[in-house]
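**Student:** Chains as they are written, first to last, in my numbering: chain G, 333 to 642; chain V, 100 to 394.
Be a bit skeptical, because a hint or two may be false.
To be clear about the criterion: a stretch of chain G counts as covered by chain V if any three or more of its residues have a C-beta under 8 Å from a C-beta of chain V, and this derived list gives those stretches [as the list claims (entries may be wrong)]:
id	segment
1	401-415
2	445-459
3	576-585
Worth flagging that the hints you see were computed from the coordinates, not collected in a lab.
For each residue, glycine too, the CB sits at the ideal point set by N, CA and C.
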Amino acid sequence: MSTSHVLSEPVIRPQSKRFSLDGLQKWLPKLVLAPTMLITIVCIYGYMAWTTLISFSNSSFLPSYKLVGFKQYIKLLDNDRWLVSSTNLLIFGLLFIAICLVLGIFLAILLDQQIQQEGAIRTIFLYPMAISFIVTGTAWKWILNPGLGLEKMLNDWGWSSFQFDWLVDPQMSIYTLVIAAVWQSSGFVMALFLAGLRGIDPAIVKAAQIDGASKPTIYRRIVLPCLRPVFFSAIIVLSHIAIKSFDLVTALTSGGPGYSSDLPALFMYSHAFTRGQMGLGAASAMMMLAGVLAILVPYLYSELRGQRHD
Amino acid sequence: MTSTTVNTEVMKKPLQPGRWLIYGILILFALIYLMPLIVMLLTSFKTSADIRSGNLMSLPTEWVFDGWIKAWGSACTGVNCDGIKGYFWNSMQMVIPAVLISTMMGAFNGYVLAKWRFRGSDLFFSLMLFGCFIPFQVILLPMAQSLGYVGLANTTAGLVTVHVIYGVAFTTMFFRNYYVSIPDELVKAAKLDGAGFFTIFFRILLPISKPIFMVCVIWQFTAIWNDFLFGVVYSAGDTQPMTVALNNLVNTSTGVKEYNVDMAAAILAALPTLLVYFFAGKYFVRGLTAGVVKG
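Work out the full structure: start from the sequences and follow the hints.
**Tutor:** The following block contains the structure:
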């Protein structure tokens, strides 16, 4: 009797309990997700809408909601500093992405040749990625210092005519950003491609080897085309880094000399927060968003279409 | 792993001249990547006179800690001359709660999105992920206003809030992708046994979540410690994090430029994330790649 009583108990109790718990169980997952939903809706999409509103207002030091249409955007496109910063972003972004890709692929292929101490070398290539862009900028500002840095070192080492003053040359300052940014991010591209290379089916490579293809041909014709998705991912992440580049330019050149190495992210910050031109700053932020969307939307579209095909 | 074939190849390969070239190039690049760190270290141990007479790669004639002591305790960042120690602790006070809160939220969110899907949950996940790809400039102004309204402007708590808000998309993505790979049968069986929402999480998923917790904590720690944009916009004076203080220190225009102090401060700013990278690098790399290969 007593055993059957014990046995019957857990059968009955959960059933009666489950009935009342069911309602709560149904709501619990949504309840747990609710704070994040609220955050996403308010602090991402809501704030985006809010910034859009500011960009159409005549806000200066304080936000005002007197709408003035496209006035801020017209002012922005008329602004010489904005033109310089967006051109700079184009130069910086293209060079940064191209050099990172070439260097990253090159180093990944070299590291893929059964290298001893591969782990140690990989660690060295990738460590800059763990460091803040502010530190990177500080270090390179010292290295590229025209009087004391690289220039002096090479002069001391016997190359007395060597001159390197890009940091203070308005024509060349934007390229110092490329140098530092490539140093920081190329190891990351290397890691991505190395992972991609390791994921390729060795049977394909073996087959090509048996057919008598040389190593460079195998990489060019078979391996690299297989890595198309890695190319896309790398380009997306690198362009994202380029567009939001704010810390590096602040630490390395502060946008100078003059505003010759200015970038949109710095333009937005200085107009919205230090020069009291909130409307103009908001408009420049919207332009940055448009830039990101122009890259992201086609990518997501092709990604989603690709998934449907599979 | 085909360790035997690898070993024989490694054994016979170094005889070929091409192998020497590959090793040569790799070592050259390793030196180039290491150069800034070496320069920073060497410079930080020099005296100001030594810096002017030597060059980037010359060894200090006399190894001194003056730069480090001054950077930590008495260097001027803007108007304050108390060194960067206070800002170092500011960053710690910011990064620890921000990492813990965003990781816990991410764990629960990821659990819901992977194992308790409901109508619209996938759409919500996409919207959230999309949100972490926007340039933050587009939310800076409203966030500044909101922090002002709720009285969190220029406080460490305010910075923690901002980092949690904009970090939770990443942490959710990490956990969601991890939990998706765990068989649903495990959860279904537990549900039949009468286990509830939290029991399943704490008894079944949490015990096997250590790797993803590591990735998430390290990723968040690195991202939040290294942040500059939120730090410079949402903090002022005494509440500024390390990156902002370093930038102020380096760009303080008064007095003679002391590169040894700048470099010591820069290394101090980089030290926590560098240590994390050298001791838990594989989790850091996994986070980097997971951030790219979205679910």
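**Student:** For every hint, state whether the structure bears it out.
**Tutor:** To see whether the hints hold, each was checked on the structure:
1. Remark: the segment 401-415 of chain G is not confirmed as covered by chain V, as 0 of its residues place a Cβ nearer than 8 Å to a Cβ of that chain, below the required three.
2. Chain V is given as covering the segment 445-459 of chain G, and this holds because 10 residues of the stretch bring a CB closer than 8 Å to a CB of that chain, at least three being needed.
3. Taking a C-beta to C-beta cut-off of 8 Å, the segment 576-585 of chain G contributes 5 residues in contact with chain V, enough for the three needed, and the coverage statement holds.
Hint violations for this structure: number 1 only, all remaining hints satisfied.
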